[in-house]
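Trainee: This is what each chain is made of:
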Amino acid sequence: MKKWYEKKTEERIVISSRVRLARNLAEYHFAGRMKDEECEALAGRVRGMAAAFEGKEAMKYYSCSVNKLSELEKASLSEWYIISELLAKKRQETALVLSEDEGISIMVNEEDHIRIQAVAPGADLEGAYVRAALIDESLEELGYAYDDRYGYLTTSPLNVGTGMRASFLLFLPGVTMAGKIQKLADEVGKYGVMVRGIPGDGTKTMGYLYRVSNRKTLGCTEGEIIENLRQIAGEIVQQEQKYREYLCGRNADEIEDKVYRSFGVLRYAKKISTEDGLTLLAQLKFGRDLGMIAVNPELSLYEQMIRIQPANLQKICGKNLNRAQRERYRGEYLNRLMGKM
Amino acid sequence: MLCGICKAREATVFYTEIVAGTKKEQFLCEECAAKSTSLRLKAPFGGEEFSLGGLLLGLFENGGSEKGGKETAEETERGLSCSGCGMTYAEFKEKGQFGCASCYKEFGRLLLRNMRNIQGSDAHTGKHPKNVVVHEVQAPPKGAEEALALDETQRLVLQLEQAVEREEYELAAVLRDRIRERKKQKAGCADEKMV
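So the sequences go chain by chain: G and L.
Using this note's numbering, read the first sequence as starting at 1 and increasing by one per residue.
Using this note's numbering, read the second sequence as starting at 1 and increasing by one per residue.
By construction, these hints were calculated from the structure, which means they are not laboratory data.
Glycine included, C-beta positions come from ideal geometry on N, C-alpha and C.
Any given hint could turn out to be false.
[Claimed, not checked] Partial selection, computed: residues in chain G whose CB lies under 10 Å from chain L:
#, residue
1, Y28
2, D147
3, D148
4, R149
5, V160
6, T217
7, L218
8, E224
9, E227
Produce the complete structure using the sequences and hints provided.
Mentor: Here's what the structure looks like:
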């Protein structure tokens with residue numbers, strides 16, 4: 001079965017849509033106050049429901065104890081955004097239940113007892129939500145902590161209510177190059193929408209990728225959250241298109257030069273750092289989106305941006321590599337990939 | 001512009017502090033701002049890691065800069081703990097995380113205002129588990145009515161919090177003494193029971 005990110009031609013701006021639901025069971029204390037044996041019991045119970053998910057979704061589900069995985073495996077799952085960094089770091093029993101297409105991942109014993117995550121390619125928050133809600137329906141048999149006033153109770157008051165964090169992963173080179181990301185973030189912030197660089201810190205990013213998500217989880221329905229975010233993301237996409245046109249009109253030569261330089265480095269450089277790799281692939285994607293460079297349309301450059309990260313690269317290579325060895329191997333890997341274009 | 005304290009790093013925070021009517025303005029870097037002010041900048045860009053704890057703590061530390069304020073704030077923190085998991089209100093404020101579902105009942109009302117500030121609302125309108133029978137939630141009462149649902153000590157703690165926030169320290173001191181008195185009475189009752 002194909003993974004969700006292999007399903008269709010890569011989108012130009014909206015890479016993917018994601019819905020996360022935070023859920024807790026009434027019978028246990030929240031994650032920070034759980035005993036080891038309670039963590040184990042909960043992980044076992046959720047893993048035991050994989051068959052029920054398979055029945056609902058007509059696809060295979062896999063599960064594992066995340067805390068028993070090697071550091072490399074955990075880092076790799078985290079680079080694919082299948083698990084969070086927090087889950088990867090936890091010492092107590094943690095579990096992951098993952099659908100075959102990797103579109104659904106259920107984290108157990110993260111900040112909340114259960115975090116259901118559904119990802120869909122392109123702009124399809126509804127699709128992601130429908131899948132997440134289906135899994136949610138099965139899991140609610142376990143007895144959720146729910147309150148008439150506050151809704152689904154979560155460890156942090158920032159997630160209470162719907163417990164839902166919906167987001168789009170957007171590729172915004174136009175807005176970034178125009179230096180308008182912070183301004184955009186401030187603007188959409190007024191409408192309860194957050195913008196964060198991925199992977200990165202604050203609005204900084206290495207590959208022009210940003211996660212745009214709802215801030216508030218209480219006092220609005222799941223449908224309202226999705227609708228609001230869809231509208232705001234629509235505005236952002238329009239702005240991105242506007243800046244792309246503007247940049248192409250004014251600086252087409254410079255951008256074309258940048259795109260081909262990126263291609264040249266990716267094709268021939270012998271050592272490439274993660275940061276450089278991400279930026280170069282992002283510039284190549286920008287060039288492809290603008291029709292400046294012919295890149296095999298079936299090649300997902302977003303997927304490659306994940307594959308060249310440290311843990312995934314070591315998995316491709318099949319052995320542990322130190323930083324210098326990684327840079328060398330990343331160079332070889334990207335040279336080969338560009339050769340196939 | 002360089003930070004006004006370390007004079008080495010770039011200033012990214014414009015910090016205005018008003019203490020007893022005197023306004024003080026500083027340009028600081030994030031590190032110095034975190035060290036020398038009550039500002040918490042765990043996730044400067046409003047990330048998911050944003051800590052409510054830090055926010056509340058900041059509020060109380062500002063209150064504590066005045067004489068008597070600190071004492072009242074400490075008193076507030078000691079005032080409450082969750083009967084479900086034993087988490088104290090102070091602990092909750094520090095971590096910004098609840099210990100169990102009961103914490104919402106025990107601290108939730110005390111936090112109504114904060115909940116409105118953070119979430120812009122204090123009542124869930126979304127979906128619910130199928131097996132849950134949903135009761136109509138009354139429109140959240142404000143001010144005094146809000147306090148009706150609390151017991152006497154909780155009500156006093158809430159009033160004390162509001163007084164500290166408004167910087168009405170004389171009122172805060174009176175409330176603090178009343179909370180102390182109630183606690184002494186409670187402790188007295190418990191002692192008698194033990195005998």
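Trainee: The structure should be examined with respect to each hint, and the outcome stated for every one.
Mentor: Hints and how they fare:
1. Y28: holds (8 Å)
2. D147: holds (6 Å)
3. D148: holds (5 Å)
4. R149: Since the shortest Cβ distance to chain L is 5 Å, the answer is holds.
5. V160: V160 (chain G) check passes; min Cβ-Cβ to chain L is 7 Å, inside 10 Å.
6. T217: The hint holds - T217 (chain G) has a Cβ within 10 Å of chain L, the shortest such distance being about 7 Å.
7. L218: Holds, because the Cβ-Cβ distance from L218 (chain G) to chain L comes to roughly 4 Å (cut-off 10 Å).
8. E224: holds (8 Å)
9. E227: violated (13 Å)
Checked against the numbered hints above, the structure violates only hint 9.
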